[in-house]
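Colleague: Residue-level listing of the chains:
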Amino acid sequence: MINLLPDVKKLISFYYEGFRDMSAWGRKVWLIIFIKLFIMFAILRLFFFHDFLHDKYANDKQRSKYVLEQLTNSTTTND
Amino acid sequence: MIEHFDMSLVDWSRAQFALTAIYHWIFVPLTLGLSFLIAIMETIYVRTGNEEWKRLTRFWMTLFGINFAIGIATGIILEFEFGTNWSNYSWFVGDIFGTPLAIEGILAFFLESTFVAVMFFGWNKVSKKFHLTSTWLVAVGANLSALWILVANAWMQNPVGMTFNPDTARNEMVSFWAVLFNPVAVDKFLHTIFSGFLLASIFVLGISAWFLLKKREGWIAKRSILIAAIFGLISSLTVVFTGDNSAKTISSVQPVKFAAMEAHYYGSENVGLTAFGVLKRSGKKIGDKEIMDFAFRIRIPGFLSIMTGGDKNTYVPGIEDLVYGKEDSRQILSVADKIRQGVFARDVLNHYKKAIMVNDTGQIRVIKNEYFQDKKFLNENFRYFGYASLMKPEDAVPNVALSFYSFHLMVILGFFFILLFIVSVFLLMKGSIAKHRWFLWIALLSIPLAYIASEAGWVLAEAGRQPWIIQDLMPVTRAVSQISASSVMTTFILFAILFTALLIAEVSIMLRQINTGPKHSEDKL
Numbered sequence: 001m002i003n004l005l006p007d008v009k010k011l012i013s014f015y016y017e018g019f020r021d022m023s024a025w026g027r028k029v030w031l032i033i034f035i036k037l038f039i040m041f042a043i044l045r046l047f048f049f050h051d052f053l054h055d056k057y058a059n060d061k062q063r064s065k066y067v068l069e070q071l072t073n074s075t076t077t078n079d
Numbered sequence: 080m081i082e083h084f085d086m087s088l089v090d091w092s093r094a095q096f097a098l099t100a101i102y103h104w105i106f107v108p109l110t111l112g113l114s115f116l117i118a119i120m121e122t123i124y125v126r127t128g129n130e131e132w133k134r135l136t137r138f139w140m141t142l143f144g145i146n147f148a149i150g151i152a153t154g155i156i157l158e159f160e161f162g163t164n165w166s167n168y169s170w171f172v173g174d175i176f177g178t179p180l181a182i183e184g185i186l187a188f189f190l191e192s193t194f195v196a197v198m199f200f201g202w203n204k205v206s207k208k209f210h211l212t213s214t215w216l217v218a219v220g221a222n223l224s225a226l227w228i229l230v231a232n233a234w235m236q237n238p239v240g241m242t243f244n245p246d247t248a249r250n251e252m253v254s255f256w257a258v259l260f261n262p263v264a265v266d267k268f269l270h271t272i273f274s275g276f277l278l279a280s281i282f283v284l285g286i287s288a289w290f291l292l293k294k295r296e297g298w299i300a301k302r303s304i305l306i307a308a309i310f311g312l313i314s315s316l317t318v319v320f321t322g323d324n325s326a327k328t329i330s331s332v333q334p335v336k337f338a339a340m341e342a343h344y345y346g347s348e349n350v351g352l353t354a355f356g357v358l359k360r361s362g363k364k365i366g367d368k369e370i371m372d373f374a375f376r377i378r379i380p381g382f383l384s385i386m387t388g389g390d391k392n393t394y395v396p397g398i399e400d401l402v403y404g405k406e407d408s409r410q411i412l413s414v415a416d417k418i419r420q421g422v423f424a425r426d427v428l429n430h431y432k433k434a435i436m437v438n439d440t441g442q443i444r445v446i447k448n449e450y451f452q453d454k455k456f457l458n459e460n461f462r463y464f465g466y467a468s469l470m471k472p473e474d475a476v477p478n479v480a481l482s483f484y485s486f487h488l489m490v491i492l493g494f495f496f497i498l499l500f501i502v503s504v505f506l507l508m509k510g511s512i513a514k515h516r517w518f519l520w521i522a523l524l525s526i527p528l529a530y531i532a533s534e535a536g537w538v539l540a541e542a543g544r545q546p547w548i549i550q551d552l553m554p555v556t557r558a559v560s561q562i563s564a565s566s567v568m569t570t571f572i573l574f575a576i577l578f579t580a581l582l583i584a585e586v587s588i589m590l591r592q593i594n595t596g597p598k599h600s601e602d603k604l
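Line order of the protein sequences matches chains W and A.
1 is the number of the first residue of the first sequence in our numbering; add one for each residue after it.
80 is the number of the first residue of the second sequence in our numbering; add one for each residue after it.
Be aware that a few hints might be false.
[As the list claims (entries may be wrong)] Cross-link-like lysine-lysine pairs, in silico, BS3-like; alpha carbons within 25 Å at most:
| hint | chain 1 | residue 1 | chain 2 | residue 2 |
| --- | --- | --- | --- | --- |
| 1 | W | Lys61 | A | Lys391 |
| 2 | A | Lys368 | A | Lys391 |
| 3 | A | Lys364 | A | Lys405 |
| 4 | A | Lys327 | A | Lys391 |
| 5 | A | Lys391 | A | Lys405 |
| 6 | A | Lys433 | W | Lys61 |
| 7 | A | Lys364 | W | Lys65 |
| 8 | W | Lys10 | A | Lys207 |
[Claimed, not checked] Distance ranges between label pairs, derived from CB positions:
| hint | chain 1 | residue 1 | chain 2 | residue 2 | range |
| --- | --- | --- | --- | --- | --- |
| 9 | A | Leu157 | W | Lys9 | 31 to 41 Å |
| 10 | A | Lys471 | W | Gln62 | 30 to 40 Å |
| 11 | A | Ser206 | W | Lys9 | 13 to 23 Å |
| 12 | W | Ser13 | A | Lys207 | 17 to 27 Å |
| 13 | W | Tyr15 | A | Leu457 | 36 to 46 Å |
| 14 | A | Ile101 | W | Ala42 | 51 to 61 Å |
| 15 | A | Ile379 | W | Phe48 | 45 to 55 Å |
| 16 | W | Leu46 | A | Glu348 | 54 to 64 Å |
| 17 | W | Gln62 | A | Asp174 | 47 to 57 Å |
[Unchecked claim] Calculated Cβ distances over 10 Å to all of chain A for the following chain W residues:
| hint | residue |
| --- | --- |
| 18 | Ile2 |
| 19 | Met40 |
| 20 | Ala42 |
| 21 | Ala58 |
| 22 | Val67 |
Calculated from the structure, these hints are not laboratory results.
As the structure is a prediction and not an experimental result, all values here were calculated from the model.
All residues carry an ideal CB built from backbone N, CA and C; glycine is no exception.
The whole structure should be built from the sequences, with the hints applied where relevant.
Modeller: Here's what the structure looks like:
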């Protein structure tokens, strides 16, 4: 059996050392990335951006029915 | 059921999507182009072994890293908006978007994320050749990621390779290759990535010019200018070629957009291309839409006809022809006819819906066989399904002034950049570029112009497609979710604050690094 453990260890240490020796601007940029992802997923996604159809309807059949209704109802003067 | 279309909801949803897409597009083109420029610079370093080229590469890699990191995931917000604000559209596009976006996600994650780490953490840890390969793979990966999102966007401009399933109210992909090799997708991909290369070249040129103005980093600045000018010149000439192809394709698949781009109202042969023009109100109207006339323009005689059909006798239909139709040999279908076809398709779908509601299996089978499996119905009626939602024929016309100015601004700036690159090469060859401070200032001030040109291209692509979200199949009014306009307005403001903060962060970190210069760029991300 091939022993992958040394390679995995090398890979982990590659990333570990990379992050450990990061420059000031690199740290700043990573901080911005984490803040941004937090705002996007923990605030915007959770409180503002719900999946409209998934929240409103329990299954795909109901969703299809709803969208079909939206596509075919007559709201214009073309009737 | 929708009682009426809330235009403020549609407008706010569009404004929000436009804001997000415009901000997202600030980060993307620089990533697309700078990745290749860095790969070229590093290749020279590996081939020559000259440490100065390594310093140069690492400096530009730092700026690439800042832009890449700040821009990460800004596109995901667009996907949030699809599900929340554009749920009818998201459902209707079905798996057409799912497949390309899934491929994009996998490519972005594995190719970019893995090799970006090697690019920044791998100096002196992996071999020179492996590092160089990683840099090239980041460039290729970033550009391939762009391919898939552009394929999805091209489908919205020219929906092909799918069939509509009336049971699920979704489009289903029947030919992956038709979607991938959609002529709009091919043109759009090439035009977009080369415009990204052009923007990145201007970015490198401008910052290098700043170094020369400050009498700093002369060696690095001049070599950066040389690489950027040659790469930029090749890219900008390719942009002209792909732009020409793109215009030809638009003239056949989105003729109203094409006519709006040129403010071309009345069809004729031997039509000139407007090289520069200023629009004014004419007082004349097409329906309730005011016709914009030219206060001033410079035309290239016959060139629009040559562009579209190869010779000056090619008839180029104007907005009026496309709205009211032409029943001569040109057989241009009027919008009123398209509305009739669309209403017929909608009525068929309504009958189908009712048959499903009462579980009338016989009727369901008949409608499916007679219509949804009939190519004639699909090609002659269902392809105009979206027209059933238009109130009047003139609604099929996009904002002419916006389309015209965004197109011409992009084109004028594109030709200005070609001149800029040619002069850069010329002054470099003469060995006098550092003495021409006026030119260095122009190069520096061209950085924002490159962004303006790039954004103008997207404004044209999206605003010129209006009123459609999917050309001829779905207008924006049918695509929006029935949520409150005030909630969309709130998130619009939140996004404006978030993205502006991100942009300020990027610009300030980048300016600091530029000011620090290449000497101190032994940093890692």
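Colleague: Determine which of the earlier numbered hints do not hold for this structure and return their numbers in increasing order.
Modeller: Violated hints (numbers, rising): 1, 2, 7, 13, 14, 17, 19 and 22; every other hint is consistent with the structure.
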